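K.L.:
Using the sequences provided together with the hints, build the complete structure.
Residue numbers (the numbering used here), protein chains in the order written: chain A, 145 to 888; chain B, 489 to 590.
Mixed in with the good hints there might be a few duds.
As the list claims (entries may be wrong) - Taking lysine-lysine pairs in the DSSO-like style, the calculated list, with each CA pair at most 30 Å apart, reads: (1) A:K219 / A:K393; (2) A:K758 / A:K590; (3) B:K589 / B:K514; (4) A:K862 / B:K589; (5) A:K862 / B:K514.
Said to hold, decoys possible - If we take Cβ atoms under 8 Å as the criterion, some of the chain B residues that face chain A in the derived model are: (6) V510; (7) V580; (8) A582; (9) L587; (10) M588.
Everything labelled a hint here was simulated from the structure, so no lab data went into it.
All values derive from a computational prediction rather than experimental measurement.
Ideal Cβ placement from N, Cα and C applies to all residues, glycine included.
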Amino acid sequence: MSFTLDQIHTFTWLIPLPPLLAFALIVLFTNRSKLLSHTVAIGLMGVSWVLSWIVFFNSLGVHDFGHGIDIFGIKFDWLPFGNAATGTTPLTMGTLVDPLTGIMLFFVSLACLLIFIYSVGYSNYGKAADSHDQPGTPPHGVEPLYSRFFAYLSLFAFGMLLLVVADNLLLLFVGWEIMGLCSFLLIGFWHARDYPDPKQITPRRAAVKAFMTTRVGDMFMLLGIVYLYAQAGTLNFRDILHDPSVLLKLATTPSVITGLMVSHVVGLLLFAGTIGKSAQFPLHVWLPDAMEGPTPVSAMIHAATMVSAGVYAMIRMFPLLSAGWEHGHPLTPPMLAMAAIGTFTALFAATIAVAQSDIKKVLAYSTISQLGFMIASLGVGAYVAAAFHLMTHAFFKALLFLGSGSVIHGVEHGHRHAAHGAHGEHAAAAPVFDPQNMFNMGGLAKKMPITYWTFLIGGLALSGFPFITAGFWSKDAILGGAAEGGQWFVFFGLAAAALLTAFYTMRQIILTFHGAPRTAAAEHATERDSIFVPMLIALVVLAFFAVTAGWVGIPESFPVLGGLLPNWFHEYLGGTLIEHPPAEAFLPIALWTSLIVALGGLLLGWLAYRHYRKDAVDPVQRLLGPMFGVLRDKYYFDEVYETVLVRPAYWLSETFASVWLDKGLIDGTLHLIGRASMRLGQVFRDYFDLPVVNGSGDLVGNSVNRFGRAFRIIQTGKVQQYLLIVMAIVVVLGAVLLLPGLGR
Amino acid sequence: MVPLSWYLALAAALFCVGVYGVLARKNAVAILMSIELMLNAVNINLVAFWHYLTPQVPSGQMFTMIVLTVAASEAAVGLALIISIYRRRNTVIAEEIDLMKW
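P.N.:
Next up, the structure:
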């Protein structure tokens, strides 16, 4: 199919709308029908996907796409208060599709669509409703809040697509916040769930935690946007990022903070937003707890949308972040911060992941770690590598999450089967079984072969298994970028993180899929059920991309393999910047390091866990001793934040603000004023109103009354008496008037 | 010739008789008659003053005619009232007609 340029321009703003329409339709009309709801959601998401891919593939045919005016998009005056006389310009809104957006559209729309399809099976569509299921808890039968789930997912997809096609920071921020809301709604989707252990975080609290934590970052980001608008006079990406004079001005204007230029401050503030959204240290704490949401949500947050958005924003703003920097020169402050925090986060999260026993928690920390890779990569200026890793990571991390959801479903299935066989109808009274704990699994490879193979592919991609998987090429590109930039701290930090990544991935795969089943649940796990069909379809498609997505970015200079396929990714994405970034030079040290850490980590993991038996001590625990507890408990960050931030915040609001300030000072003052007013009113009433006002009023009335009483005796009703009185008065008056001297 | 003062004296005497009758009589018809007396005393005054003081202007006679007309109407209304009261209360004694008492 071929489309005119006008049609493509129109498609760019049509892309985000179908999921929004789906949200509205489901909420307003199809809420009662599960079939209609998921048909609407998936159908309209499919429309978005088709539009996205049309736009993306059409962009491939444009020569030098991204340069000058060779972009897709529309632009209109949003607040047309512009006035040529005063020199103000109207605030414009619009869409922008350049190579970076094209890549994002390519994988975001596909991943969203697959997650939607997967959710049909994950929410047990097709099963009968279970009478024990409470809305807001993980269901046994079909999900009671099925339609609501798809409505939220649709809104989430809308937020992400809006963010991706936005042509300015403000619209980007709108999509950003819509996703913040949706992540809150979806993490807390099982809001009625409670755990016997009061210390375990519930979905409700996880949702609030995620929302509050990202809010901290968002606040800084908004400040950055405002500051940027104040300094540059526009928020449009092309106007700022494609105009060397604007960038130069921003990079050389001193800011309010001594020693930092405007672009530095704006960059640091925007980066703070990304720290929150993409769960970088020190705001990483919300992401592992976000695992309380249903698994498709985890995939959505971790792969296709939320955290990708943070990295996307950084890649998008890279020209601003690096304004004034050239290859080989010292990094700008924002880049330095990104390199430091990214590297630290990558390593730090990887160490925590090693000691987790929850299958989803391992993946959550690996996400944080991989995001650290991307941020660090941007920090050292490896722009293309960061975008590359963002894309490949989206595919294999979505695959891993959806795979883990399939595993959890299979184990739960087996648990119910086993419990039913063992205890008959008393299954509900059995002790709490954690279907997410990897130590309750084992041997699933034979029970769930499709899940196993796809998970294996995802796991190898995450570890960076050489040459075949996507993860290898993108990670190699990042390491190469760090080495090329001479940032050896970043290089070795990331290399260590990559080693740990391969190790814990192998640990996860062996604990979950290999060896003998360690529980009855794992023994009876299965993927032969109608609900698994849509889930497995999504897994297989993602597995395909988890491998092949890396082949588009093989460096030309790579020995043997380089040049077999053109390094299309670099060529294409490079068009986003004003100047095409130079092709990465081939560095043997980077290649050898990638190979060694990936294979070494996998080998170590295999050596450590291949003989793991039921109830044995975790080999990592044996090796690390007391350090293991520290890792398992995430360096006690939650506890530290609880003590240092949460408790004081509660104290501030509950005790200081509520009891002392509000109830004590403000209410006290108000009560004092109230009581004083009462007293004053009483005084007025007693000494003025009652005696003076009421008294005089009553006096008039009473006087008239008494006067009437006194005089009524003369009204006898006898006409002749009246006449007599008249006569008498006439006589007297006559005498007074007529007789001189009597009245004087 | 009879001086003016005699007429005035007669009129005053007649008026006083009328006043006395109005104040002292119990019968409403009699009170009405006494009123006629007072009116006619005034008429005498009017005619006397006209004849002695301004014989060329006939205003005194005209006033007298008006007063007579009023007296006739008043007598007709008054008698009608009295008959009405009699029918209702079976009395024409002024003291017993005390509906206006408090």
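K.L.:
A separate judgement is required for each hint: does it hold in the structure or not?
P.N.:
Structure-based check of all given hints:
no.	hint	in the structure
1	A:K219 / A:K393	25 Å, holds
2	A:K758 / A:K590	18 Å, holds
3	B:K589 / B:K514	17 Å, holds
4	A:K862 / B:K589	7 Å, holds
5	A:K862 / B:K514	11 Å, holds
6	V510	6 Å, holds
7	V580	13 Å, violated
8	A582	6 Å, holds
9	L587	7 Å, holds
10	M588	4 Å, holds
Checked against the numbered hints given earlier, this structure breaks only hint 7.
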